[in-house]
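If you're matching them up, the sequences are chains A and B in order.
Numbers 0 to 147, taken from numbering that gives the first Met the number 0, label the letters of the first sequence in order.
Numbers 0 to 188, taken from numbering that gives the first Met the number 0, label the letters of the second sequence in order.
Source of the hints: derived by calculation from the structure; they are not laboratory data.
Hints may contain errors.
To spell it out: a stretch of chain A is covered by chain B in this simulated footprint if at least three of its residues, at any positions, have a beta carbon under 8 Å from a beta carbon of chain B; those stretches are [as the list claims (entries may be wrong)]:
id: 1; segment: 55-63
id: 2; segment: 66-75
id: 3; segment: 88-97
id: 4; segment: 124-135
Chain A is nowhere near these chain B residues, computed Cβ spacing over 10 Å in every case [stated by the list, open to error]:
id: 5; residue: F11
id: 6; residue: G12
id: 7; residue: L74
id: 8; residue: F88
id: 9; residue: E90
id: 10; residue: L113
id: 11; residue: H120
id: 12; residue: D159
On the chain B side, residues computed to face chain A include the following (Cβ under 8 Å) [to be verified]:
id: 13; residue: L4
id: 14; residue: G5
id: 15; residue: A16
id: 16; residue: V20
id: 17; residue: S41
id: 18; residue: V46
id: 19; residue: L52
id: 20; residue: V55
id: 21; residue: L56
id: 22; residue: H59
id: 23; residue: L153
id: 24; residue: I160
id: 25; residue: I163
id: 26; residue: L171
id: 27; residue: I172
id: 28; residue: S173
Glycine included, C-beta positions come from ideal geometry on N, C-alpha and C.
These are the residues of each chain, in order.
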Amino acid sequence: MTNLWRKLTYHNGNGWWNLPHGPSNELNPPHEGPIGGVWLSNMFRTMTHGGVAHAGPGFYWLIGAALGIITLLEVWLFGVEGLGGWYVPLLLGLSALKFVGVVAFFMHLRFDHRMFTYVFVSAMALGILIFVIILFLAEFGHQPPNVF
Amino acid sequence: MWTFLGSDVMFFGAFIATYLVYRGKSLNGPYPSEILNIPITSVSTFVLLMSSLAMVLGLHYVKSGEKNKATLWILVVVVLGAVFMGFQFVEFREFAHLGLTPRTNIFGTTFFILTGIHGAHVTIGVLWMAFLAYGSHKGSLRADNAQDLEIAGLYWHFVDIVWIVIFTVIYLISATDGPPPGMESVIHG
Chain A
0 MTNLWRKLTY
10 HNGNGWWNLP
20 HGPSNELNPP
30 HEGPIGGVWL
40 SNMFRTMTHG
50 GVAHAGPGFY
60 WLIGAALGII
70 TLLEVWLFGV
80 EGLGGWYVPL
90 LLGLSALKFV
100 GVVAFFMHLR
110 FDHRMFTYVF
120 VSAMALGILI
130 FVIILFLAEF
140 GHQPPNVF
Chain B
0 MWTFLGSDVM
10 FFGAFIATYL
20 VYRGKSLNGP
30 YPSEILNIPI
40 TSVSTFVLLM
50 SSLAMVLGLH
60 YVKSGEKNKA
70 TLWILVVVVL
80 GAVFMGFQFV
90 EFREFAHLGL
100 TPRTNIFGTT
110 FFILTGIHGA
120 HVTIGVLWMA
130 FLAYGSHKGS
140 LRADNAQDLE
150 IAGLYWHFVD
160 IVWIVIFTVI
170 YLISATDGPP
180 PGMESVIHG
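Bound conformation, chain B alone:
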């Protein structure tokens, strides 16, 4: 899993670097300043962070043999992961409604590819956790094979830390980005 995570670091690093290289170079809107909703994304970020907390609690209870608590906390991970996906779905739909798609401008392309790939990772994680929650409920996930959950947990935490970077770089730092410098008068006449 650590090897996979190492390769995924480079994978996401390439997409984040690409986003930064093309940051502020869109010639037509919508621009980040017109479209990004920081309060809503802050809530979804908080949800994902709390899912990581639920993950370590689930692992703790699996290791200590408390089956019901373990199942509950793994289910909390599933629910919080699904809530995060819901936020992302609503955000993507809202952006499309406001005219931003991957084809609209370079911001749309780099934004949707990066956040979309992250969303795909979250989706895989939610399905994985759902299987493990079922396993915990059935009793096949126990203290002696808790490493199965630990490995899934590493993946889940990684998805979380990637979002920490995305939230900072795309949402907080780029949220005031408008047209490229010198282009405002050209674009807006």
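Excised from the complex, chain A in its bound form:
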């Protein structure tokens, strides 16, 4: 039973779920950067003092502070009167910024084996497609009744 548990949950080279050995296994892999082109990579290199792969704790604190500030901004927007039609797009934009911040800097998707990006992004695209279809059906198709 113990062996079964170890095989299922441990990744020490003997388990059933061994993952491809990618740069993320290294302490100082050769590259890492957010999603985007050269200017983002350069900015990342500057902020991480040389851009040696995984960022240091200081950089993570910076990202954490940015995420906290965005949350504060969202709460502030909640109390602002007169935003009208701008309110929802602004909130969605800020939410997307936080989403991308966590995925790009904390989750290391760009940094893992490319297969994982394909798996996650295709599932995400399918999920968003289903999401949009449901909302379109609700908006332009048969309206769900007011229930209870």
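Got chain A sorted already, so can you dock chain B onto it with the hints?
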């Protein structure tokens, strides 16, 4: 883990879409405008975001072989996760006290199912992190098998990004929702 997260995206996507489809269609209260507490939920959102920060710091120190710092930061994840669960428990109890349960109206049903499933994910994550904190303390979680923590971290960050969406869609965007348009006079006489 990425495959699982891909399936979980669709799982949560379906519940969030369902919430939006039925948004503003409850015929009886309490409505979101009467019950949602944005300041309290903002604090719990901040707590969950900071737990993600603690997670990457824990992973960094495991990879660099600094056992004590690694254990400390993984424990911080456990504590912040537990604090988030505490906030959710208090919120659910408060809502029940104010008369909102999953049976009260369609808002209650969709709200409790979505946030409850997210809370279940957080609970699993907290238990997982507690095991890993123990492993780090005992020395079985080291730089050479840091991938165990990295995989758990992916799960934890995912739980965080799902909450980012829930917080925006349910709490901030829906916080002013009242009765369906045209029903106010009917409902309130």
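Tested hints:
{"no.": "1", "hint": "55-63", "in the structure": "holds (count 6)"}
{"no.": "2", "hint": "66-75", "in the structure": "holds (count 6)"}
{"no.": "3", "hint": "88-97", "in the structure": "holds (count 5)"}
{"no.": "4", "hint": "124-135", "in the structure": "holds (count 7)"}
{"no.": "5", "hint": "F11", "in the structure": "violated (8 Å)"}
{"no.": "6", "hint": "G12", "in the structure": "violated (4 Å)"}
{"no.": "7", "hint": "L74", "in the structure": "holds (16 Å)"}
{"no.": "8", "hint": "F88", "in the structure": "holds (21 Å)"}
{"no.": "9", "hint": "E90", "in the structure": "holds (16 Å)"}
{"no.": "10", "hint": "L113", "in the structure": "holds (13 Å)"}
{"no.": "11", "hint": "H120", "in the structure": "holds (15 Å)"}
{"no.": "12", "hint": "D159", "in the structure": "violated (6 Å)"}
{"no.": "13", "hint": "L4", "in the structure": "holds (6 Å)"}
{"no.": "14", "hint": "G5", "in the structure": "holds (3 Å)"}
{"no.": "15", "hint": "A16", "in the structure": "holds (4 Å)"}
{"no.": "16", "hint": "V20", "in the structure": "holds (4 Å)"}
{"no.": "17", "hint": "S41", "in the structure": "holds (5 Å)"}
{"no.": "18", "hint": "V46", "in the structure": "violated (10 Å)"}
{"no.": "19", "hint": "L52", "in the structure": "holds (3 Å)"}
{"no.": "20", "hint": "V55", "in the structure": "holds (5 Å)"}
{"no.": "21", "hint": "L56", "in the structure": "holds (6 Å)"}
{"no.": "22", "hint": "H59", "in the structure": "holds (6 Å)"}
{"no.": "23", "hint": "L153", "in the structure": "holds (6 Å)"}
{"no.": "24", "hint": "I160", "in the structure": "holds (5 Å)"}
{"no.": "25", "hint": "I163", "in the structure": "holds (5 Å)"}
{"no.": "26", "hint": "L171", "in the structure": "holds (5 Å)"}
{"no.": "27", "hint": "I172", "in the structure": "holds (6 Å)"}
{"no.": "28", "hint": "S173", "in the structure": "violated (10 Å)"}
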